[in-house]
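Given only the sequences and the hints, what does the whole structure look like? Please build it.
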Amino acid sequence: MSLKVEKLKVTIQKKEILHGINFEVKQGEFVSLLGPSGCGKTTLLKSIAGLVEVQEGEVWIQGEKATNILPEKRGTIIVFQDLRLFPNMTVEKNIAFPMEIAGVKKDERKKKVAELLAAVQLSGFEKRRIREMSGGQMQRVALARALAAKPKILLLDEPFSGLDEKLRLEMGELVRKLHETWKITTILVTHDKREALQMSDRIALMDSGRLIQYDTPKEMFYHPTSRMVAEYFGKVNVMKKEHDGRMIEGILRLFSVQIAKVEGKENKNDISIHAKVEEITFAGELAEVSLILEEPYFGRLELLSQVMSSKISELNLSGGMIVAIKINEKDIVWFESGEV
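Sequential numbering of the sequence shown, starting at 1, is according to the UniProt record's numbering.
Where hints are given, some of them may not hold.
Here are the computed lysine-lysine pairs in the DSS-like style, where the Cα-Cα straight-line distance is at most 30 Å [as the list claims (entries may be wrong)]:
id : residue 1 : residue 2
1  : Lys4      : Lys152
2  : Lys73     : Lys111
3  : Lys150    : Lys26
4  : Lys127    : Lys150
5  : Lys183    : Lys127
6  : Lys241    : Lys218
7  : Lys276    : Lys235
8  : Lys7      : Lys152
9  : Lys127    : Lys105
Ranges between beta-carbon positions, derived for each pair [said to hold, decoys possible]:
id : residue 1 : residue 2 : range
10 : Glu279    : Gly124    : 53 to 63 Å
11 : Lys218    : His191    : 14 to 24 Å
12 : Met1      : Gln198    : 21 to 31 Å
13 : Gln13     : Ser318    : 53 to 63 Å
14 : Asn316    : Glu132    : 53 to 63 Å
15 : Met1      : Gly162    : 31 to 41 Å
16 : Ser310    : Arg194    : 21 to 31 Å
17 : Lys15     : Gly103    : 41 to 51 Å
18 : Ser310    : His274    : 14 to 24 Å
19 : His274    : Glu24     : 42 to 52 Å
If you're looking for bench data, these hints aren't it; they were derived computationally from the structure. The structure presented is a predicted model; accordingly, all values stated were derived computationally and were not measured. A virtual CB, placed ideally from N, CA and C, is assigned to each residue, including glycine.
Below you can see the structure in the form of structure tokens.
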């Protein structure tokens, strides 16, 4: 196990920021700390790095209790949003700096810098000064410098937040590629759900200083443990039914509501019902269809379906039209009381 966080509590200025966080990260795993602003993601990251005082709980790094170990002795490297490169130094000197501190010989440092620059696609930039580089290039230098320190755990605090969407995607692909090559345990703080879903082996979703769900992207998206988790990853249909004498809620993803013509055979696992098309909203290749239905199984329901825009033309859909709605019961995720 590369990292273990146990019952971690952090209080800053008499306000409890983290409420008993528990999670583990396997060796070589890529984990994203995801959640809205102010949920405690960065505080948790800094707690792992030793930059924030912990009131209760423990941090273990590669089997060693690290809670009271100085930041520089933990073997963690953190890349902040502002990168903190040395602006007057060359790229080569920035990347070589942690190796120089560690006593690595000059020839070996030079060789390693060239290797790292190739890895971040900046070969030939050794003599360039930081102040002469673009934001995306500085991001790459910061990553190369972090890797030069050979960290046990690489910590990334929203390092791409200042980049435009194209550069964010490019940097995300690069970081994932570097992770696959170097196999360094990596923890990324992000509020970008797409970034987390695409890059992570597992996601720790946080809210108000608590860990809400910790799972693979696939499990978190298709099997959320609460309505809050489900809605964080996009619009959902909220369903209700009676269970053991009480009403419980469930969710159904928009793409799980299939629209068809009224005629047609049904799969035995499908619930086929009729609904009226209320509104159609186009968004590029996808369209969102608002539906109204009244059926004994669900009662009166407003449902949303997400389909390819071409499907609208294929079915000749328009407002007021009656269509068949097909829902596979297995696609509905029901929550126990208190999990909504």
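Ser310 versus His274 beta-carbon gap, inside 14 to 24 Å or not:
23 Å, holds
Note whether the CB distance of Asn316 and Glu132 lies within 53 to 63 Å or breaks it.
Taking Cβ atoms as reference, Asn316 and Glu132 lie about 58 Å apart, which means the hint holds.
Does Lys150 sit within 30 Å of Lys127, going by the straight-line distance between their CA atoms?
With a Cα-Cα distance of about 23 Å, the restraint between Lys127 and Lys150 holds, given a limit of 30 Å.
Within 31 to 41 Å: is that where the Cβ-Cβ distance between Met1 and Gly162 falls?
33 Å, holds
Consistency of beta-carbon spacing, Ser318 to Gln13, with hint 53 to 63 Å
With a Cβ separation near 58 Å, Gln13 and Ser318 satisfy 53 to 63 Å, so the hint holds.
Is 21 to 31 Å respected by the C-beta to C-beta distance linking Met1 and Gln198?
Holds - the Cβ-Cβ distance for Met1 and Gln198, about 25 Å, lies within 21 to 31 Å.
Cβ distance range 41 to 51 Å for Lys15 and Gly103, holds or violated
42 Å, holds
Hinted pair, alpha-carbon criterion (30 Å max): Lys73, Lys111. Please report holds or violated.
26 Å, holds
Whether the CB-CB distance between Ser310 and Arg194 falls inside 21 to 31 Å:
23 Å, holds
Tell me if the straight-line CA distance from Lys276 to Lys235 falls inside 30 Å.
Roughly 20 Å between the alpha carbons, so the hint for Lys276 and Lys235 holds.
42 to 52 Å was suggested as the range; check whether the CB atoms of His274 and Glu24 agree with it.
49 Å, holds
Verdict for Glu279, Gly124 (Cβ pair) under range 53 to 63 Å:
55 Å, holds
Against the hints set out earlier in the document, no violation occurs for any number.
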